[in-house]
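Chemist: Please model the entire structure based on the sequences and the hints provided.
Protein sequence lines, in the order shown, are assigned to chains A and B.
First residue of the first sequence? That's 1 in the numbering used here, and the numbers climb one at a time after it.
First residue of the second sequence? That's 1001 in the numbering used here, and the numbers climb one at a time after it.
You may find that some hints are simply not true.
Unchecked claim - Below are the PhoX-like pairs computed for lysine-lysine, each with C-alpha atoms no more than 25 angstroms apart in a straight line:
hint, chain 1, residue 1, chain 2, residue 2
1, A, Lys156, B, Lys1116
2, A, Lys168, A, Lys148
3, B, Lys1143, B, Lys1284
4, A, Lys168, A, Lys123
5, A, Lys67, A, Lys22
6, B, Lys1221, B, Lys1284
7, A, Lys148, B, Lys1116
8, B, Lys1186, B, Lys1221
9, A, Lys155, B, Lys1092
10, B, Lys1284, B, Lys1177
11, B, Lys1163, A, Lys27
12, B, Lys1138, B, Lys1186
13, A, Lys50, B, Lys1207
14, B, Lys1284, A, Lys136
15, B, Lys1221, B, Lys1116
16, A, Lys155, B, Lys1116
17, B, Lys1116, B, Lys1177
18, B, Lys1163, A, Lys22
19, B, Lys1163, B, Lys1177
20, B, Lys1092, A, Lys27
21, B, Lys1186, B, Lys1136
22, B, Lys1221, A, Lys156
23, A, Lys155, A, Lys123
24, B, Lys1092, A, Lys22
25, B, Lys1253, B, Lys1186
Unchecked claim - Calculated Cβ distances over 12 angstroms to all of chain B for the following chain A residues:
hint, residue
26, Glu5
27, Val7
28, Pro9
29, Tyr18
30, Phe33
31, Asn120
32, Asn160
Derived from the structure by calculation, the hints contain no laboratory data.
Nothing here was measured: the structure is a model prediction, and the numbers come from that model.
No residue lacks a Cβ here, since even glycine has one placed at the ideal position from N, Cα and C.
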Amino acid sequence: MSTYEGVKPSKIDPKFRYEVAKIPGGKNILQCFQCGTCTSDCPVSRFSEKYRPRYIIRMVQLGLKEKVLNSDFLWLCASCFTCTDRCPQGVEVASVIRALKNMAAMEGRVPEVFRVLLGNLVKTGYIYEIPESRIKRRETLGLPPLPKVNVESLKKSLQNTGIERFLKEACQKSGEAEVWV
Amino acid sequence: MGMSQRYLIYLGCAIPYRVSSYEVSARRVLNKLDVELIEMPEFNCCGLPLEPLSHELTLILSARNLALAEQTGLNILTLCPGCASTLKKASKELRESRALRDEVNRHLAEGGLEFKGNVEVKHISQALIEDIGLDKIKRSIVKPLRGLRVAEHSGCHLSRPRKYIGFEDPENPKALKMLISVTGAKIVEYMGETECCGSTIAAIDDKISLSLVREKLLHVKEAGADALITVCPACHIMYDANQLRAEKMFGEKYSIPVLHYTQLLGLAMGMRPDELGFDELRVKPIKLLEKT
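Modeler: Shown next as structure tokens:
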């Protein structure tokens, strides 16, 4: 199934594994001995031909930074944490994969949906724009009103986190005025 | 276990967006159990759905909620296990790392807040078991659901990752089973009880997430359950609303009603289905209600 395309030595980053090991949750990555518990117990791997947590960890160990950060399958992790809980070597597999997604995201490689969620967050404080009809329906159902988020305070706290770029792109895409401060 | 409990209720995003049935039923049963829920003056997303973008962003979002809660001196109760686990994880990470805490507090200070780390967060299942107690719940039951056979789905974030959550055994979750048992309903076991619902990748790969839904529902059906019981708004959306989409995609019929635990408990407390948000369910539990 997997067709090995080969990797040019110049594309290998031998320091990558140390970079990942420094990230919260990445500590034990060098201890992975490729037993495959993560993949065999992964709910997504059962239905995907591409998603294999064991491969991802191996790719990090081998320094295949560009290949792993460019991959689509990285985004298939459902964050169920089964792999993390069951790894006999204490590798926090799901956290490593999250860290890789974060690295890919900061390089601008991120599925569109996250830009939309982020756009909603800085507009409303929630990741969804809760429709007026829902807010009205709360009254009918006898639910208390939904508090209004202090979006100004929230946005100030989110400055300089590196997410500004996604917001700009999200705003340009939706044709809205820039919501960022 | 005291006479009554007070919590700040943290709703998160999914519940106000589209899972009112959970909120309505939870507020009713908690009220019946003398639990006082105080509304948060404001709150924002816990950060879980944005964690793939930036872990730091998630920490700031969680810490902001915790900082807002600290100002009230009350502990947090959530209905969503995703929110509970994210707030718990952030709190633990920030309490354990001075450097991380200082960094996050620099961000919060810009918005006029500070995280100190003295708020406890519990999901409703944990609060029901640890604070309210099964005995008290048992005493509130007026209409035991003896004729019902139900399957449970606790969901991943109620217990995973184990080292951060510290409640429940993720390999053999018992909390929801104990909570169901006190209602008088019989629990039916099925294959793959701890399998994930796939909600977090629904927007990335529809086919895979619906395959997970399909697998779960087939196993529940095979076990002959009258309903699947959840304690998570995201799992509920997957199994209830998306059950119809899975049926379409795979050309099958599952017909499994999916109830929030709080709806099941409400029925056993003698509340009417219309008081518990039953009309909001997409898979109509008609046969189930006839049996109660």
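Chemist: Indicate, hint by hint, whether the structure satisfies it.
Modeler: Verification of the hints:
1. Lys156/A - Lys1116/B: holds, 19 angstroms
2. Lys168/A - Lys148/A: holds, 24 angstroms
3. Lys1143/B - Lys1284/B: holds, 21 angstroms
4. Lys168/A - Lys123/A: Roughly 13 angstroms between the alpha carbons, so the hint for Lys168/A and Lys123/A holds.
5. Lys67/A - Lys22/A: holds, 20 angstroms
6. Lys1221/B - Lys1284/B: holds, 16 angstroms
7. Lys148/A - Lys1116/B: holds, 24 angstroms
8. Lys1186/B - Lys1221/B: holds, 15 angstroms
9. Lys155/A - Lys1092/B: holds, 24 angstroms
10. Lys1284/B - Lys1177/B: holds, 23 angstroms
11. Lys1163/B - Lys27/A: holds, 15 angstroms
12. Lys1138/B - Lys1186/B: Between Lys1138/B and Lys1186/B the Cα gap is close to 15 angstroms, so the pair holds against 25 angstroms.
13. Lys50/A - Lys1207/B: holds, 14 angstroms
14. Lys1284/B - Lys136/A: It holds: about 24 angstroms lies between the C-alpha atoms, which stays within 25 angstroms.
15. Lys1221/B - Lys1116/B: Between Lys1221/B and Lys1116/B the Cα gap is close to 47 angstroms, so the pair fails against 25 angstroms, i.e. violated.
16. Lys155/A - Lys1116/B: With Cα atoms ~20 angstroms apart, Lys155/A and Lys1116/B stay inside 25 angstroms; holds.
17. Lys1116/B - Lys1177/B: violated, 35 angstroms
18. Lys1163/B - Lys22/A: holds, 19 angstroms
19. Lys1163/B - Lys1177/B: holds, 22 angstroms
20. Lys1092/B - Lys27/A: holds, 17 angstroms
21. Lys1186/B - Lys1136/B: holds, 20 angstroms
22. Lys1221/B - Lys156/A: violated, 50 angstroms
23. Lys155/A - Lys123/A: Answer holds: Lys155/A to Lys123/A is near 9 angstroms, not above 25 angstroms.
24. Lys1092/B - Lys22/A: holds, 18 angstroms
25. Lys1253/B - Lys1186/B: holds, 24 angstroms
26. Glu5: Correct as stated: the minimum Cβ-Cβ distance to chain B is 23 angstroms, above 12 angstroms.
27. Val7: holds, 25 angstroms
28. Pro9: holds, 30 angstroms
29. Tyr18: Holds: least Cβ distance 18 angstroms, greater than 12 angstroms.
30. Phe33: holds, 20 angstroms
31. Asn120: About 9 angstroms separates Asn120/A from the closest Cβ of chain B, which leaves it inside 12 angstroms; violated.
32. Asn160: Contrary to the label, Asn160/A does not stay out of reach of chain B, its closest Cβ about 8 angstroms off (not over 12 angstroms).
Hints 15, 17, 22, 31, 32, counting from the list given before, are not met by this structure.
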